[in-house]
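Just need the whole structure built from these sequences, with the hints factored in.
2 protein chains.
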Amino acid sequence: MKVAIQGDIGAFSQQAALQLVDRPDIVPCRTFEDAFAALRDGSADLAVIPVENTLAGTVTRPMDLIASHGVHAVAETLVRVRLCVATRPGSTLSEARTIASHPVALLQCRAFLARHPWLTAVETYDTAGSIRDMMHGAGWDAAIGSELACGLHGAAVVSKDIEDDPRNYTRFLALQTRPEPGPDVGKLSLAFTLHNRPAALHGALGTFADRKLDLTRLDCRPLVGRPWEYRFYADLASVDADLAREVVDELERFAVDVQVIGRYQAAVGDGS
Amino acid sequence: MKVAIQGDIGAFSQQAALQLVDRPDIVPCRTFEDAFAALRDGSADLAVIPVENTLAGTVTRPMDLIASHGVHAVAETLVRVRLCVATRPGSTLSEARTIASHPVALLQCRAFLARHPWLTAVETYDTAGSIRDMMHGAGWDAAIGSELACGLHGAAVVSKDIEDDPRNYTRFLALQTRPEPGPDVGKLSLAFTLHNRPAALHGALGTFADRKLDLTRLDCRPLVGRPWEYRFYADLASVDADLAREVVDELERFAVDVQVIGRYQAAVGDGS
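In the order they appear, the protein sequences are chains A and B. Per my numbering, residue 1 is the first one in the first sequence, and the count goes up by one each step. Per my numbering, residue 1 is the first one in the second sequence, and the count goes up by one each step.
Hints in this document: simulated from the structure, not taken from any laboratory. Owing to the predicted nature of the structure, the values given are computational and were not obtained by experimental measurement. What you were told as hints is all true, and nothing was included just to trick you.
Using 20 Å as the maximum straight-line C-alpha spacing, the simulated SDA-like pairs for lysine to any residue come out as follows:
1) B/212 - A/206
2) A/212 - B/195
3) B/160 - B/96
4) A/212 - B/229
5) B/212 - A/199
6) B/212 - A/253
7) B/160 - A/225
8) B/212 - A/254
9) B/212 - B/246
10) B/212 - A/198
11) A/212 - A/200
12) A/212 - B/200
13) A/212 - B/199
14) B/212 - B/241
15) B/212 - B/185
16) A/212 - B/194
17) A/160 - B/225
18) B/212 - A/194
19) B/212 - A/203
20) B/212 - A/229
21) B/212 - B/243
22) B/212 - A/195
23) A/212 - B/203
24) A/212 - B/196
25) B/212 - A/197
26) A/212 - B/197
27) A/212 - B/198
28) B/212 - A/196
Below, the structure written as structure tokens:
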């Protein structure tokens, strides 16, 4: 199965893909847009995409793309993110001036960066790609990524486990273009926008509360071109197909639009 | 009045400070942490801090710091963000390889960056600082910031209004260490964490809905060290002091903790 990931071989998205698919044929993509395009044009069967990290919060771009592309979530998985600092062999961190990684990884290492104020952070498209490019002459002196990526690209590991807190997990969704019926009981992910009237969100959440559903996550993103209006994202635990239909039908009474992102088996544990 | 901003002279935070305070004595700070420290040690009377952008969404770090520092919001203002590309005079964008700016500004220019795939984005602490540092020999070839900052630092403006959508506004809060009584009627900003039980968020929002309050924003951030738990941030329009007390008292029935960020005059218009 061809699985698009954002990032390069050795990225945490590759680990997520390995947890979800038996022997995936990884299609590395430079941007999230490229990964969604690979789904659409059929060069990938599945995209495995990060949506949330326990230290950095929502991975915002995928949320926007999931809504605008109308793709379907068919599975989720959690990855424990352990970050290393890599340099070219023989180099030290004290002589480094720049350090590159994916912006979400940089957000997970605020304390490390504060302790090394001489390092300027360079935002790259990927953790693993920042290590590979450093080894191939890119203009930065250090990079942050997985130990696996350091090994793959022959970089020296000069510091390990530099994330701000060890409970550092990223949640990934497996996305495809066609919907699936989903498991008997599973997590339901919805996106919706509401009429701009008082208590609209309370009414929408009442749809879930009336049925004693466990709202495991509620998030929002701005609607571009409509200042101070938002698209909401809700995840509900343990929903069967009938209940999902009922919830969506009732939610539509409060909403301008409702999108079913998917109903899928919830990941177990906390990603460790 | 000494006003701490994150960023340098010419940053959009300076414009926000000018909108809020008559002839502010600006205290430029490298990081949000530094701006909050300036408040705490008395080297600033006020900090003017961005919390939300209509294209990029929540400015996440300040939200975390507002909750952890227990500071008080006393005013808000909206700034229309217009972004320029600056180079050193005589240089062109086609010969540039790297372009620097604040990560939130980079998020507002995704379409521009996609049209210029040869440019690697470099994350800096500030829009204006990225222009100044470029002019003083920093290792990047172009920078994104305000036209004001280009003029202040003698940089050439090679492209204007590069943001993805013209309805690009940033909302700023004025923060101080001591609370103020607030206006007769104003916006109320709260932070709260909830007991992990079904319908907890619906119950909390019921506190607002029962009083026909207009929830202008609901946002959340992860609790570091407690995977998949969140702190919520709510803004409510047109609340007087008595109603604020009543809402907080009732919200405490649902919440592990409730923090009043502040009650202040709502900004008018959309920031244009």
